[in-house]
Amino acid sequence: MSTVNLSNITKAFGSVTAVKDLDILIKEGEFFTFLGPSGCGKTTTLRMIAGFYFPTKGKVKFNDRDMTSVSPEKRNTGMVFQNYALFPHMTVFENVAFGLKVRKVNKAGIKEKVGEVLKKVRLDQYIDRQVSQLSGGQQQRVALARALVIEPDILLLDEPLSNLDAKLRDEMRAEILRLQREYGITTIYVTHDQVEALTMSDRIAVFNAGQCQQIGTPTEIYNKPVNDFVAKFIGETNLLPVTFKEHINSQSLFHAPDIEQSIFVNHTELNIADYNEDDQLYMSVRPETVRIDEAKISGNNVFTGEVSLVQFTGEAVHTFVKINDQLTIKTTDLNHGPSTYLKEGTEVNVQLPEDQIRVIPEVKG
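Quick note: the sequence shown uses the working numbering, first residue 7, plus one each step.
Because the hints were derived from the structure by calculation, they are not lab data. Because the structure is a prediction, the values reported are computed rather than measured. Every residue gets a Cβ at the ideal spot worked out from N, C-alpha and C, and that includes glycine. One or more of the hints may lead you astray.
Simulated restraints, written as ranges between beta carbons of each label pair [what the hints assert, rightly or not]:
#, residue 1, residue 2, range
1, Asp284, Glu353, 36 to 46 Å
2, Ser138, Lys67, 32 to 42 Å
3, Asp70, Gln267, 38 to 48 Å
No farther apart than 30 Å at their CA atoms in a straight line, the calculated lysine-lysine pairs in the DSSO-like style are these [unchecked claim]:
#, residue 1, residue 2
4, Lys349, Lys251
5, Lys370, Lys238
6, Lys33, Lys80
7, Lys33, Lys125
8, Lys349, Lys370
9, Lys173, Lys251
10, Lys117, Lys67
11, Lys80, Lys117
Produce the complete structure using the sequences and hints provided.
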């Protein structure tokens, strides 16, 4: 196992800067995820760790060893690609054994190691089958086995589940996490899928336009986004522009022009992010924290609206409340049965709880 230290990393392709001024320390044995939209620099960063790209500026270190310009085959990393990159004309055994043959492991050692890793990924009964005869999920397991069998210090996974259907993705998420915990291997995972990142990671780095916006645990990223990009990209949120008015005891008062009233927010680190005086501010309110009721609601941050849309998803119900021509608030609740669903056109009261609001600045650049 190794730590991975990216120090002031920049990668430019001609006049295009794909990654800029990146500083990340990934701990030994950690499951660390690079999360962001397409073209944000996450795969480029992974390829610099693998050695497929060399940074334009900065250093890549494994533990205390400088790996910045070391070739990929000398880094002892295992890589799982989005398209699996298996050899279709080979059997499962031959695919998994390939890296060991390149390392000139003897035949007995290869047979033993391949057998062990195929048991770990639960494919030992398919050892002699052509990979072209396997399902997508089974092929993904072969790719994992091939990466793990060489006993790498670091496991790198580049959107490995994007070609699978939703149910199989759920199964493979659990399988990858089980294997990572079992091997205790430092793992770096690239995805644009929020659910994958939140359910699998020890920590997450959120990328946008070549820069890392925030690093933290899944709960930190979700509950304490540092800016509007992170709040919008991680999960669903209601985002309203606000301006600071004054402090009142343990609360802060902000004006929200879209609802033409003042909003009380608890003055805590959880509820108010760091910002500068000249920043454009937004109020982020997660749909599951919004309270709606046909009956009167007492307290602060209460206003009325009309139900404009009800979406049933099975486990949850999304209710959209139109406040005025400029603003519709999305709310989410668990499915408690048809009798609890509000009908479109119903007038309701809406409350944004003071302890569930997060005031954040607009992302720079």
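Each hint tested on the structure:
{"no.": "1", "hint": "Asp284 / Glu353: 36 to 46 Å", "result": "holds (39 Å)"}
{"no.": "2", "hint": "Ser138 / Lys67: 32 to 42 Å", "result": "holds (40 Å)"}
{"no.": "3", "hint": "Asp70 / Gln267: 38 to 48 Å", "result": "violated (56 Å)"}
{"no.": "4", "hint": "Lys349 / Lys251", "result": "violated (37 Å)"}
{"no.": "5", "hint": "Lys370 / Lys238", "result": "holds (15 Å)"}
{"no.": "6", "hint": "Lys33 / Lys80", "result": "holds (21 Å)"}
{"no.": "7", "hint": "Lys33 / Lys125", "result": "holds (28 Å)"}
{"no.": "8", "hint": "Lys349 / Lys370", "result": "violated (41 Å)"}
{"no.": "9", "hint": "Lys173 / Lys251", "result": "violated (48 Å)"}
{"no.": "10", "hint": "Lys117 / Lys67", "result": "violated (33 Å)"}
{"no.": "11", "hint": "Lys80 / Lys117", "result": "holds (23 Å)"}
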